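Participant: Chains A and B are the protein sequences, given in the same order.
Mapping the first sequence onto my numbering, position 201 (from 1) lands on 201, and the numbers just tick up by one.
Basically my numbering = 1-based index in the second sequence + 214.
To be clear, the hints were calculated from the coordinates, so they are not data collected in a lab.
From a predicted model like this one, the values you see are computed outputs, not experimental measurements.
Be a bit skeptical, because a hint or two may be false.
Claimed, not checked - Ranges of calculated distance between the beta carbons of each label pair, as one might list FRET restraints:
1. A:Ser-19 <-> B:Tyr-273: 49 to 57 Å
2. B:Ser-419 <-> A:Ala-93: 17 to 25 Å
3. B:Thr-300 <-> A:Thr-64: 31 to 39 Å
Note that CB positions come from ideal geometry on N, CA and C, so glycine has one too.
There are 2 protein chains.
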Amino acid sequence: MSTAEETVGGEDMPWAEVSPEAARRLLVAAVEAFAERGYHATTTRDIAGRAGMSPAALYIHYKTKEELLHRISRIGHEKALEILETAVDGPGAAADRLAAAVRSFVRWHAGHHMTARVVQYELDALGDEHRAEIIELRRRSDAAVRGILQDGVDAGEFDVPYVPGTALAVLSLCIDVARWFNVEGRRTPDEVGVFYADLVLRMVSARAPRPAQR
Amino acid sequence: MSTAEETVGGEDMPWAEVSPEAARRLLVAAVEAFAERGYHATTTRDIAGRAGMSPAALYIHYKTKEELLHRISRIGHEKALEILETAVDGPGAAADRLAAAVRSFVRWHAGHHMTARVVQYELDALGDEHRAEIIELRRRSDAAVRGILQDGVDAGEFDVPYVPGTALAVLSLCIDVARWFNVEGRRTPDEVGVFYADLVLRMVSARAPRPAQR
């Protein structure tokens, strides 16, 4: 299972930065367990067992189950935010940057669908302080998409009746790929990303920039 | 909690058809418990307790926890399918029918977001036979949306590069409303439905019918 999660769609696995190796292995095991049975039905003993370790060995790296969820959620949200902010700050017209953002955001959610599901569906299980931190990362992701949309509107490239609602819909469309994406399906994460970028450009009625207008 | 679930957005609660009253109350309690803690972390004892009943009283109506999930999932999927098929068979051009389908499908997922989350996220917990039955209902929902899209393409109203992928994206966009919709947010289920109908018409590049062309 962990191998599939790590290599789907040729993506780097999102946990490469976690060290030492035992701490990384425990995170991967926790993602699998949470995805299969849900956070509340999973014990730290289950997670240690999946990682081939003792519960005592787990406690060296993580004091609580919630700490594992928090690490997973923070890394997942930081990667997603990095992808969006890279696209926002990239070159090109608003349409190019929006398409790039959608392509890479979808690719991430398809390629790491198990992690993404845990990150999206178990928010309520985070402690108050940790949830506040994650909500701030989500607020920044939202701001990145609103920023691209507003740039496009200002440049006369996009026709968007309500920027905040459209930004939410764009993110929602991409995030839900994690729910339905099937590694055994016909389309690769890349192909879905390209297809979705086109759908989103239609949603904002993208057209060539008209710098002199409005 | 059950009151909020039943009346949000002025929707009829989806369990009105379930009788007797005790069986209905147990279903509502099961939805709440599954939504809060996940299917695997919930016991039939938890569900009975929430409904103010004994475990023995629960077993009169449901032999297993899986039977409760199956009832919830079947009713939820049947309602969603009914909404889509009503729109497909309705009057008007393809764009009108697609807009009506999106409006009511979104309204359902926003107004019954707790039920919709359980129905969408706990599919893997169903037994093989029950899952096959639910997958068949989902296949019909998918076919309903593909049908409207194809009608629009055939009438020259829509420009859709790939009907199956677009149908999946439309359903996905609507379903994910259940994840982010917040009853304390600024928009009502109706308002989100109207907004999404416009976004989806943009996704299919809807234009006035041109019956004589192509």
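Participant: If you test the structure against every hint from before, which numbers come out violated?
Facilitator: 3
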